[in-house]
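Participant: Residue-level listing of the chains:
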Amino acid sequence: MRISRDRVTSLVVIAPSVLAVAIFVYGLIFWTGYISTVKWDTLRPDYTGVGIANYQSIFGQNRFLMDIRNTVVFTLFFITASLTIGLLLANLVDRQIRGEGLFRNLFVFPMAISFIVTGVVWKWILSPGQAAFGTSPATPQGINQLFGLDPATNRWFTDPHIDYISPGSPAYGILHDIGLGFITSPNIGIPVALLSLVLAAVWQMSGFVMVLYLAGLRAIPEELKEAARVDGCTEWRIFRHIVFPLLLPVTLSAMIILGHISLKIYDLAVAMTGSGPGFATDTPALFMWQTAFRDDHFGRGAAAAIVMLALVAVVVVPYLVWTRRQEVES
Amino acid sequence: MKIMSRRILAVISVAALVAACSSSSATPTASSAASGATTCKEAANATPVEAVSWWTTGGESSGFNAIINKFNCDNPTYWVSNSAIAGGAGSVAQAALQSRVLAGNPPDTFQVHMGHELLDTYVTPGYMDNIDDLYTANGWTTQFPQGVLNIVSAKDSTGTLHYYSVPLDIHRANVLWFNKTVFSSNNLTAPTTWADFLTDAAALKAKGITPLAVGDNGIWASGMLLEDVLLAQLGSDGFNGLWTGATSWSSADVTTALNTFQQVLGFVNTDHSSLTWDQAADYLIPAAGAQPKAAMTIMGDWAAGEFDNKGFTDYGYAAAPGTTGIYQALADSFGVPKAAKQKAGVKLFLTLLGSAAGQDIFNPYKGSVPANTQAGNPPATAKQYSTYQKWAMGEWKTDKIVPSMEHGAAAAPSWKGAVETAVTSFVATPDVAALQTALVQACKDATVCK
Amino acid sequence: MSRKTPPEPPDAAVQPTAEPPVRGGALADVLAARKIDPLDIVVVVDEEEEEKPRTRVRSDKGSRGAHSRGPRARITRFFLYSILFVFALWYLTPVYVLLVTSLKPTNQVFLNQMWVPVWPPSLDGFSAAWTALAPNFLNSLKLAIPAAIISSMLGSINGYVLAKWKFRGADTLFTLILFGMFIPYQAILIPLVQVMSNVGLYGSIQGLILVHVIYGIPITTLIFRNYYAAIPTELLEAAKVDGAGFFRIYRSILLPLSATGFVVVLIWQFNSVWNDFLFAATLTTQPNWPMTVALNNLAGSFSVAWNVQMAGALLAAMPTLLVFIILGRYFVRGLLAGSLKG
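Protein chains in written order, with the numbering used here: chain A, 1 to 330; chain B, 331 to 780; chain C, 781 to 1122.
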């Protein structure tokens, strides 16, 4: 029968990719998992088993805990901002504007620049300059210079301050009453310096998100919108009830792509801020790299990598399951 | 006519082919001719020898290519090439190197900081041959100062001392740089103790000049500052003891030093974590008709190169406060990996690197000082040493030599990393007790302290 | 001869136009001859005339749908352009810094002068950067072009299978492939070097292409699978009824509709392969270094000549920008590609 022959063909066609991913991705993930349970802490491999000692070691380091927090905060802000700006720009660019090509190329151009260069340039732009001290006036630099901002209060990525729910705020009491008091600890807060990193990353990637949304918008048949308009719907309702739901697969793709960048972010952080004041902009990838290649603690580096993957799994897997269900329903 | 042009075309293409085949070194070598020597071509059956470094641009690249060229000209049976990827310890280039060594495919020699960066990373796991034969045959045991010999050697399990790398250049880490005009107009001289420094700093701050410019993006500049304070407080023997376990990190001396460190940080520019060391050094350079932003910076002697590049000449230098007579050294060195393919050729190359003649070719370009005390007299036609370098060479022969932690000589990279972690937290939230506890723990984690 | 219907939403009933079908490339000529921009063509469903939907050329470029061109629309337009302009400034600011710095002579690169250009501009930065980067440009081209093309083709066919030929576990397989995207490459560097050495591909461009193709599988599959999922299955059903097989359907139905998908994937893959430094530095040896290694080498070990570095960054970004510009032209409405094919 024709159909089952095609079924076989389809499986044969996808087999090489599955095999490649199985070996080069999952094979290596399992290798990393194995290494995270051995002693290997010099350049000479040492496969003596140590159980979960490596994990205990890294979780005992305050720096690593902060890294996890930083990753969560960074991912939340980065994805939200990129999606919002990308969608907004795609909508604007889609409207028969003059010079659409120019705007589109301009917005997507930052993606062409490597993360390392982006980091360096934004490090320059966001370097605050010297605050006033003694009799000497402040000498702002970069963006502070451009907008006349005071370097003492606008410290950008040199700011060690962490915004958290402190005893002064209204939410503090409420959270303690309902038993979620731990959220008010300074360890679960937003490092202000991280927002500079978010700014640079969003600058780099929102253009690509715009491209994705533009492709998605243009795949929506015009008749749908025309029909709705003829029926008297406003543009906003059309957007909310027709366009936005149809963009769900694009949103999913964009979130996955942005997520995989933000959870692994390394080049940008190294080039722009390093670990930051008091590790405010440190990331697990930086920690893993230094542990493995500077300190030669390959076992612990592997453990950090596995933790990174676990973090991803915790977020990505339920999300994928949920969107799969959404797709089936719609 | 047609035959003629075809012949010309043939000649041109053959010439192009020959030219393409013979230019085998990767980095642009406009510099090889800089020292007046001719650039030699690779012989047809020369054995290739691969040297990996991180010298890709500027004076260091010119210098290294010059010394490689000399070797290639003198030894036509070999051809050394400089396979350079930029990036020092902890960078992608180093990861690439380590991966190669792990896979059993190392280059024939590679650049590495002398001292524990080499010893702990490559020697202890058994990846390097010792080069005792070179040290004996070339008399380096008498030509290099004892302080350096201590750093480049290690005892094996039977207690025998072995040498593992030859240092090509020596940089000094404990140098104070200052703007001469600012000092003279404020009647200041280079402070010789940290107490003097703090007094001078207060005076400068009152005048509206940042006393000390620090660019610790990447934290290592602050690490160097900490080392200088410790060095001043403990002296050279005490400082050495920190890294061998002889000096206790929990001693009162260390506490005093850390307190001084905290006070010094109070006189540092507020935007230090956004600047690299060179951008901080640029604060000493005044804009036309104005005061410079900062009066002093404490940095290794590569700062001289930065000032020269920017055309700034009004700078003075001295040993960092409290460390007069002590030379805190770091060096780029080369050794022989066990799995290297061309050991004979590499050893010949290393002989040149350690010789006085070779070091006089390289160091004038690098801005550093030759490790070999017999060097210092390059031929008149070659590049000469600068004023700073001549001063430094004099100090090198007489000062006590201690290793630098930040630059791989005193401690293993993981120990350095632990210290840097502690300093990062301290710079953000000064807490001397916490810093000292972290430093004590770092020593224990490095299995040097009990 | 299969009867092709355009991708249609569930509600509208659209039948092929009564006019003679315009085939393939002839369409472009017709449009050009009549000076019609493809973006202006709209398929209109008129409720009374269900049998004869027309294509109409949008005559008023400046408005959407049935809105008239009044003062209200003009204010909206003004806001529209203002917002775009503000964003354009934001995107251009770092480019300005890059440009201004790259045109400064080395001894005048100061952090606190970043906004101030130097006159006359100096080409020191660009000439030094070009000297360093030029030898490796060809390597990067030899790397990025095949890698991007191969991995987008792989992604397309994989997306096709996973979206349209669902077998039991297809979705789980997709999720697994997707998850593989999140592996931090630094973690698997050492075994990767080992594997590459063992199969003899260490140091070569081919090995690097293979690595990029393999690690590009998850993301290219993701993009194409979601893209193809939006294409109604009725199209394929109709073709299957007509006797088309696996590859025929792919070639005649999906491939023509994949233009925007390929644009997005090619842009992404070319860019990420072109700018990759980690694999380039660890898996290739000297003659085969891509341009990113040379770009990194512009940095000195202690101090950096920022004008050269930034000039190098601009030069390195040019090819990707070119790819954006060229491929961006193929961003036509996806509907058009399907609906007017004969």
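It is possible that some hints are incorrect.
Said to hold, decoys possible - Simulated crosslink set (DSBU-like; lysine-lysine; CA at most 35 Å straight-line): (1) C:922 x A:225; (2) B:774 x B:400; (3) C:922 x B:371; (4) B:677 x B:485; (5) A:39 x B:485; (6) B:713 x B:485; (7) B:535 x B:400; (8) B:671 x B:400; (9) B:400 x B:537; (10) B:485 x B:671; (11) B:727 x B:713; (12) B:677 x B:400; (13) B:371 x B:774; (14) A:39 x B:780; (15) C:946 x B:671; (16) B:371 x A:39; (17) C:1020 x A:225; (18) B:535 x B:720; (19) B:371 x B:720; (20) B:720 x B:671; (21) B:673 x B:640; (22) B:713 x A:39; (23) A:39 x B:720; (24) B:720 x B:677; (25) A:39 x B:535.
Stated by the list, open to error - Beta-carbon label-pair distances, calculated as ranges: (26) B:510 x A:171: 48 to 58 Å; (27) A:53 x C:901: 51 to 61 Å; (28) C:1035 x A:248: 20 to 30 Å; (29) B:712 x C:896: 32 to 42 Å; (30) C:955 x A:178: 49 to 59 Å; (31) C:955 x B:486: 46 to 56 Å; (32) A:26 x C:914: 51 to 61 Å; (33) C:901 x B:638: 17 to 27 Å; (34) B:712 x C:914: 48 to 58 Å; (35) B:721 x A:53: 24 to 34 Å; (36) C:1102 x A:9: 34 to 44 Å; (37) C:876 x B:674: 47 to 57 Å.
What the hints contain is simulated information worked out from the structure, not anything from laboratory work.
Glycine included, every Cβ here is placed at the ideal spot set by N, Cα and C.
Participant: Taking the numbered hints from earlier one at a time, note which ones the structure violates and give those numbers from smallest to largest.
Facilitator: 1, 2, 6, 7, 9, 13, 15, 16, 20, 21, 22, 23, 25, 30, 32, 34, 35
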